[in-house]
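Required output: the full structure, derived from the provided sequences and hints.
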Amino acid sequence: MAVYSFYIFDRHAECVYKRRWLPRPASIAGKSRPTSDTPTVANGLATMPSTRTTDDDAKLIFGTVFSLRNMVRKLGGEDDNFVTYRTSQYRLHYYETPTNIKFVMLTDTKSPSMRVALQQIYINLYVEYVVKNPLSPAEHPGGLGVDNELFEQSLEQFVTRVLS
Amino acid sequence: MSSSTKVSRIGEELWKTKIDKVNAELVTLTYGTIVAQLCQDYDGNYHDVNKQLEKMGYNIGMRLIEDFLAKSNAGRCANFRETADMISKVGFKIFLNVTPTVTNWTSDNNQFSLIFDENPLADFVELPDDGRAQDELWFSNILCGVLRGSLEMVQMQIEAHFVSDVLRGDDTTEMRVSLVRYIEDEMPPEDD
Amino acid sequence: MSYYFTILSPTDVPLFNIAFGTSKSGGDGIARFRFPEAAQNTYMTQFIIHSSLDMLEEAQWMGGNMYLKHIDTYPPASSYISAFLTPSGTRFLLLHQPPQPNLPPSSSSGPGGGSMSLSVTSGMGSSGLFGGSGSSSGRASSSSIAANPTSPQTEEAVRQFMTEVYENYVKTVMSPFYRRGMEVKSPVFRGKVSAAGRKWL
Chain A
1 MAVYSFYIFD RHAECVYKRR WLPRPASIAG KSRPTSDTPT VANGLATMPS TRTTDDDAKL
61 IFGTVFSLRN MVRKLGGEDD NFVTYRTSQY RLHYYETPTN IKFVMLTDTK SPSMRVALQQ
121 IYINLYVEYV VKNPLSPAEH PGGLGVDNEL FEQSLEQFVT RVLS
Chain V
1 MSSSTKVSRI GEELWKTKID KVNAELVTLT YGTIVAQLCQ DYDGNYHDVN KQLEKMGYNI
61 GMRLIEDFLA KSNAGRCANF RETADMISKV GFKIFLNVTP TVTNWTSDNN QFSLIFDENP
121 LADFVELPDD GRAQDELWFS NILCGVLRGS LEMVQMQIEA HFVSDVLRGD DTTEMRVSLV
181 RYIEDEMPPE DD
Chain B
1 MSYYFTILSP TDVPLFNIAF GTSKSGGDGI ARFRFPEAAQ NTYMTQFIIH SSLDMLEEAQ
61 WMGGNMYLKH IDTYPPASSY ISAFLTPSGT RFLLLHQPPQ PNLPPSSSSG PGGGSMSLSV
121 TSGMGSSGLF GGSGSSSGRA SSSSIAANPT SPQTEEAVRQ FMTEVYENYV KTVMSPFYRR
181 GMEVKSPVFR GKVSAAGRKW L
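Protein chains in written order, with the numbering used here: chain A, 1 to 164; chain V, 1 to 192; chain B, 1 to 201.
Rather than coming from a laboratory, the hints here were simulated on the basis of the structure.
For each residue, glycine too, the CB sits at the ideal point set by N, CA and C.
Each hint should be verified, as a subset may be incorrect.
[Said to hold, decoys possible] Under the rule of at most 30 Å between Cα atoms (straight-line distance), these lysine-lysine pairs were calculated in the DSS-like manner:
(1) K18(V) x K132(A)
(2) K132(A) x K55(V)
(3) K171(B) x K55(V)
(4) K21(V) x K171(B)
(5) K6(V) x K71(V)
(6) K192(B) x K24(B)
[To be verified] Here chain B is said to cover these stretches of chain V; the calculated rule only asks that three of the stretch's residues, wherever they fall, bring their Cβ under 8 Å from a Cβ of chain B:
(7) 25-34
(8) 111-122
[Claimed, not checked] Examples of chain V residues lying across from chain A (beta carbon under 8 Å, computed):
(9) M62
(10) E66
(11) D130
(12) V154
(13) Q155
(14) L167
(15) G169
Structure, rendered in structure tokens:
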């Protein structure tokens, strides 16, 4: 199983964290900290033209999950939410907290449901390292986003060791 | 009533299993010191102290709600009455080990009171006898902010204030909570 | 039996004072000290208590106990001083002056002597340092702990009193608005001390 990318959107619809992995996480294990900020990480998703930046990706993904969520709620009631959808190229997993923080993960198509994994990331990584860090701002306006080493390291570990 | 007892069970269970306990005096003394320091810094202007405490509480609430949700795994409440129950029996239970009584609902179900039989923040406290603190200072005002901050994060804009406090010589400690509105989802800014 | 209780900071600043009488054996809980002049009542008690500080400083190193028992006597006023030391060096001092047991009640010839006057100056009209106080309370308490200030029962009662006051003192100084070295003004604490006095003394 391969994790392609991971996004967090806060309640103001702002992307506060994004991270992309190459198709095979094992191959990047040697690299110290391959950041998502490099706009043209080659081959992030096979379907995505490499010319598009991750910022654009984030916007697209937010638009997708936001609309999808609203449609699902109209059909299934206020408490309904979608969990995942799949295309021929990737699978998108979605978890939203009651505080409207949205966790999105893109994986390959063969991956099992990542809902629990996303919840774990929220509970054990995001809340522990970001929310409870008194020096980290409570909100992340202005596009700086979650800039927290412990969180990033732990996420890296979680994705490379636990999920693959 | 059964849903209410279920909520208390959730609170009890969380309190027993997931909560790190900390010495109560440490909390009481820490909070007391903060309030006393604020009173000193604001030169006895208790209105400003109240305001500042509320603001501090708001910032705490914004974070605390995430911890609350992570621990309780609670979903969205169906109505404001459920929210009130959750606040009292799970929220206050797991963070302060008290369960204030929810009462005095208005007929539109948008306003209720929390009556605190005990208040760990106010142990040992005696308000300064300068003739004003008894009338102006809401010692535990941070709690109002905590509620405002945490409920804002779950799309409820509320207003909370104390209406009585045993520290002032009142019979009860009562906080009034009113729902102002439910907050709509925010849309991303338009791209140009 | 009349009591004067005071709390002194480690640097001898008075933090709290209260005078009260026994409530045992029909006492009315009002202090009736027998000092020569009414106006000097408060000064005398403070003077006697503070003069025992040297004894206290000696006694405090003798054992590890917080309760130092009866540490000093001031024979001219037949006053006894008991002391209690908190770990932070705050001293609780209790002056007790038993009713005059040697003189028959009839010797209290003062105008208020035989009555239950509410004034603390009651009996001060009598001559001499040992003028009788309210004789009714004097007679009534002759069999109580008050009559014998150095008996084990008295020591125990004072110890109980001191311990209870200490517990309440700790709670009071834990109030965030109390700063170290400040006078203890809390009415709640005063009430608690009075209650402890009624209970044990």
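Compare the structure with the hints numbered earlier in the document and write down the numbers of the violated ones, lowest to highest. Hints 8, 11, 14 and 15 not satisfied by this model.
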